[in-house]
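Just so we're aligned, residue 2 is where the sequence shown starts under this note's numbering, counting upward by one.
Some clues are possibly wrong.
[As the list claims (entries may be wrong)] Cross-link-like lysine to any residue pairs, in silico, SDA-like; alpha carbons within 25 Å at most:
| # | residue 1 | residue 2 |
| --- | --- | --- |
| 1 | 96 | 9 |
| 2 | 17 | 82 |
| 3 | 14 | 134 |
| 4 | 14 | 99 |
| 5 | 17 | 29 |
| 6 | 134 | 64 |
| 7 | 164 | 24 |
| 8 | 99 | 81 |
| 9 | 164 | 75 |
| 10 | 14 | 152 |
| 11 | 171 | 64 |
| 12 | 17 | 81 |
| 13 | 164 | 65 |
| 14 | 171 | 115 |
| 15 | 175 | 111 |
| 16 | 97 | 112 |
| 17 | 22 | 82 |
| 18 | 9 | 24 |
| 19 | 103 | 29 |
| 20 | 96 | 169 |
| 21 | 164 | 146 |
| 22 | 14 | 162 |
No lab work stands behind these hints: they were computed from the structure.
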Amino acid sequence: RPCSTQRKEALVKKFKSLLDKFTSSINVMVVVFAVIMMILGVLQIFFRYVVKSSLSWSEECMRYMHVWITTIGGSLCYYEGMFTTINVFYDAIRKKSKIGGKILLVLQYLLAVVFYAVLLYFGTRHCINSWVKISSTTRISLGVIYLCLPLSGFFGLCFSAGKFPEIWRKLTGKEEV
């Protein structure tokens, strides 16, 4: 069975590499969108107060980029354990009861998996149904705008799969809960 163990380790390593690429891509997307939003905001102020004619499309563009940052960035925050409220709540329960901490850990994990699966399924349906609709000022297909929903669900499920070994180690006692 050493071959099967080596294969499993190789697959886990490849999957981890894929997750690292997702993480890097999402980080780049967040930075690029944030910079574009900042530039558009400054341009909007300049045109409104200096040129005396505002840009009709800039606010809508910034709104859509903000939605992309929060939905896809949220899946990355989940993977990297950046939701402080969840961590604080988990730490408080874990200090009082080791079993309670494990139960909460499983519940958090399962709820995240269900949430991202629902987001993937219904986000895909909503995206497909909105593909022919066009936004009012930017003239972009709303399907493109809503594409962040199924992408976030997909990334969230991938990140959940990547978190599973860590969760399993905590549950089996091989790592401090």
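Hint numbers not upheld by this structure, sorted from lowest to highest | 1, 3, 4, 11, 13, 19 and 21
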